[in-house]
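Chains as they are written, first to last, in my numbering: chain A, 1 to 149; chain B, 150 to 556.
Since the hints were derived computationally from the structure, they do not count as laboratory data. All values reported here derive from a predicted model rather than from experimental measurement. In this text, a Cβ means the ideal position worked out from N, Cα and C, and glycines have one as well. Check the hints yourself; a few may be wrong.
Ranges between beta-carbon positions, derived for each pair [unchecked claim]:
hint : chain 1 : residue 1 : chain 2 : residue 2 : range
1    : A       : Arg29     : B       : Glu431    : 50 to 56 Å
2    : A       : Gly53     : B       : Leu343    : 37 to 43 Å
3    : B       : Asp478    : A       : Gln131    : 50 to 56 Å
4    : B       : Phe504    : A       : Gln124    : 22 to 28 Å
5    : A       : Gly111    : B       : Phe504    : 36 to 42 Å
6    : B       : His382    : A       : Gln4      : 37 to 43 Å
7    : A       : Gln4      : B       : Leu343    : 31 to 37 Å
8    : A       : Gln124    : B       : Asp363    : 22 to 28 Å
9    : A       : Gln124    : B       : Arg398    : 25 to 31 Å
10   : B       : Asn322    : A       : Asp85     : 41 to 47 Å
11   : A       : Asp85     : B       : Phe504    : 51 to 57 Å
12   : B       : Ser379    : A       : Gln4      : 37 to 43 Å
13   : B       : Asp363    : A       : Arg29     : 24 to 30 Å
14   : B       : Asp363    : A       : Gln4      : 34 to 40 Å
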Amino acid sequence: VRDQTILLVEDNAADEELALRALKKNNIRNEVVVAHDGAEALDYLFGTGAYAGRDSSQPPEFVLLDLNLPKVDGLEVLRRIRADDRTKLLPVVILTSSNEEADLLNGYGAGCNSYVRKPVDFQQFCEAVRQLGLYWLALNQVSPRTRER
Amino acid sequence: MDGMVVDQEHAEKVDILLVDDQPEGLLTLEAILGGLGHNLEKARSGREALRQVLARDFAVILLDVQMPGMDGYETAALIRERPASHHTPLIFLTASHTADVQMIRGYSVGAVDYLFKPLDADVLRSKVAVFIELAKQSALIRKQTAALVEREAEARQLAEARAQLLADLEQKNREMAAVNKELEAFSYSVSHDLRAPLRSIDGFSHALLDDYADKLDENGQKYLRHVRESAQHMGELIDGLLSLARVTRSEFRREAVNLSQIASDIGARLQHRCSSSARQVELRVDDGLSATGDARLLENVLENLLGNAWKFTSKRPQARIEVGESVQDGVPAFFVRDNGAGFDMSYANKLFGAFQRLHAATEFEGHGIGLASVSRIVQRHGGRIWAEGQVGAGATFYFTIGEGERK
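Could you put the whole structure together from the sequences, leaning on the hints where they help?
Below, the structure is given as structure tokens:
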């Protein structure tokens, strides 16, 4: 497993802890940066606000993005990621409670790479995180441009 | 009038006013016109004529020009002044003085004529007949005009009523849209917000079992497992509710649907899912089952009915499931029949309510959402669903797709 950062965008503290626990359970030891709302996520990605000075040419390995977020919601975060040259090829996995058709359509419409619904059953969630880690960290070959930058 | 057939319109009597100060004159007129079969009224002076004109409408008025007191012209002028008799035809009777003819010609436009005395009976009759005909036609036209006006008013009222209905409908539509939007927001909130705490309950119970198993005795661990089961069950109930809501508000696409194909595909999936188990299920799907409706919703119906049949035959060594079509009460209905656990017909009315279950969860799992969904879908197709069953002897679910929705 590569030593690369994962950006987790999650406003719910319990869900954050469960996500971190699921990553740990699956031996995914990458650094996880947690953003608690959409604005913070954008600050991290573009080196602004609290993350002023961060090298925005070093994107995370992938983003786990919740949809229901304070300040800037998940879809808007995704749109801004896609609109910016630095992040337009960044893998984004929507990780949310909803399996409403509209959310799925909007998510894919805005250019997410995967859409995973958080199951209630922690074991199922763990399995989902395991597969996500396996796919995005080991199996998938990301676009060379994402790495160059 | 001279034929055998008496035309209703022409048979009607009209009123004719004869005005002459000389009784002989009146008598002559009566003698000539009596044969026409109309009602002849007589006046001996202009004043008397005016009284008569005030009382009723005349088809034609014959007016002697030379009368003492108010003469024929003065009388005619007063008759014309009254709006109701403004258009009443006048025939002046005059001695053949050129001056009179000039006077009459210059008198007025419209239905005015004159005759010279002594009167020629044929000419008088034919002139009067012409005016009577004219009067009748005017009356007819007035009647038709009135009818037209009335019809126009009716049409206007109809148009107004229609506009009102349309406005009502639009208002209802707006209200419906608002309710739908609210319902959508509600569903969304349920989908997002209600499940989040359940994840915590399950996740941290799992964490406790995982990390602190050594600090919990057997009972403690059992309680936590119950907590997790309940959280997961509630998650499934929420999902069931959401799918039920979706069934009601999803878009409806009308197309030809091959039910035989869909049922066979579902059957294959069910067979595949339990290919590892030793279950023997004989599934028979009749060919040519088709309907017009929403393919996705109809698939949901068959998925639920076949899933149920599969579930409730799980304790049969030789399970049999049949999908077909038969005539029930004179109406063709599709059916899904199994030889499974069946049900007590006295609870049949509970089958299609949300969260209603006829079997203990320990016996057969389920949330009581499937048949509620099925029922709503069938309703959206304008159809009907019902079931027959017997405890231990299987069940048959029948459903129709509304009139005009079938193949």
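- request: Please name the hints from earlier in the document that this structure breaks, with their numbers sorted from lowest to highest.
  value: none
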